[in-house]
Amino acid sequence: MSSNTIINNFENINAFDFNLLFVFETIFIYSSVSIAADKLDSSPSSVSQSLNKLRAYFSDPLFVRKGQGLVPTTVAILLHERIGDDLGGLVNSLVNFTESDTRNKFIVYCSPYTAQRILPDICSVIHQNNLPYELVHISADASLDASEDVLTYRKADVIFDTKPQYGNATVTMEYMRENVLAVCEKSHPRLNDKLTTEDLGRESFTFLNINTQGLKRFQDMIEEVKSNRHKFFTSSSVEVNAAVTEVTECVSFVTETFFAKFGECYNLKALECSFELPPMIFYMTYNKSAMQNSNFSQFIEVIKKIKNLGS
Numbered sequence: 000m001s002s003n004t005i006i007n008n009f010e011n012i013n014a015f016d017f018n019l020l021f022v023f024e025t026i027f028i029y030s031s032v033s034i035a036a037d038k039l040d041s042s043p044s045s046v047s048q049s050l051n052k053l054r055a056y057f058s059d060p061l062f063v064r065k066g067q068g069l070v071p072t073t074v075a076i077l078l079h080e081r082i083g084d085d086l087g088g089l090v091n092s093l094v095n096f097t098e099s100d101t102r103n104k105f106i107v108y109c110s111p112y113t114a115q116r117i118l119p120d121i122c123s124v125i126h127q128n129n130l131p132y133e134l135v136h137i138s139a140d141a142s143l144d145a146s147e148d149v150l151t152y153r154k155a156d157v158i159f160d161t162k163p164q165y166g167n168a169t170v171t172m173e174y175m176r177e178n179v180l181a182v183c184e185k186s187h188p189r190l191n192d193k194l195t196t197e198d199l200g201r202e203s204f205t206f207l208n209i210n211t212q213g214l215k216r217f218q219d220m221i222e223e224v225k226s227n228r229h230k231f232f233t234s235s236s237v238e239v240n241a242a243v244t245e246v247t248e249c250v251s252f253v254t255e256t257f258f259a260k261f262g263e264c265y266n267l268k269a270l271e272c273s274f275e276l277p278p279m280i281f282y283m284t285y286n287k288s289a290m291q292n293s294n295f296s297q298f299i300e301v302i303k304k305i306k307n308l309g310s
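Quick note: the sequence shown uses numbering that gives the first Met the number 0, first residue 0, plus one each step.
None of these hints come from the bench; they were simulated from the model. All of these numbers come straight from a predicted model, not from anything done at the bench. Treat each hint with caution, since some may be false.
Cross-link-like lysine-lysine pairs, in silico, BS3-like; alpha carbons within 25 Å at most [what the hints assert, rightly or not]: (1) Lys-38 to Lys-104; (2) Lys-287 to Lys-304; (3) Lys-52 to Lys-38; (4) Lys-38 to Lys-65; (5) Lys-287 to Lys-306; (6) Lys-104 to Lys-304; (7) Lys-193 to Lys-215.
Could you build the full structure based on these sequences and the hints that come with them?
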């Protein structure tokens, strides 16, 4: 975009307060005026006034109340999609411009299972080579924010998720694939060594409740094979689901790696499926602007080398 175009656009909207966009995005993320006010170190009345200005500007309510929270309208969703990446990129650029180049504490956001699979190898290399990094893991579960918002608003430096986060401000790469197995307790009274489409309609299942599109896509593909499976137990932890499977007649879906490491611990056996199970694909995502930090760029190179060794 040329300088003249930028100036012309500024002149067209010179009456618009761009601070309102940060208010809008914070309300969109937290679905609450009071929480947004707390995050912005402001008062609920001030945030409400800003929201009213936005409603007047866009001629739309933007958010409607549902239960204890706010639900975005289609206009608000479209606005979020249009400005989210660019606004996040602007924030990241400003933060990284003023941030010390020697920052070495990095936050990794992923589910407990993904952390268990990936972080030990990373920590081992860091420890063995005496690298100057401090890692913090934030656990992703069903109650936390969408991963793209976690990255955009710098709640984490690196995300491992089953959903790729493609955008102008981010770098996303496939990190690993894992095959999936159906498992049950070893002495299950009806299932010997196979799981058929008919069994999908007869047996009870545990479900993994994690806010990621990759997992939902896997669950939807199973539903295409047999819809309306009996959902007996739901958890955000694969370990909890395995423990429940051990003492019930439920069936769970776990990765081959999990089964190899914990199958005996939970007294589980693998079942051969008469239908195809898609693999789980895990992606690594980080902000492009964070690569201005030399420590972070070296940290990413360490992660990539570990990925290549495991490929």
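Could you work out which of the previously given hints the structure breaks and list their numbers from low to high? Per hint list: zero violations.
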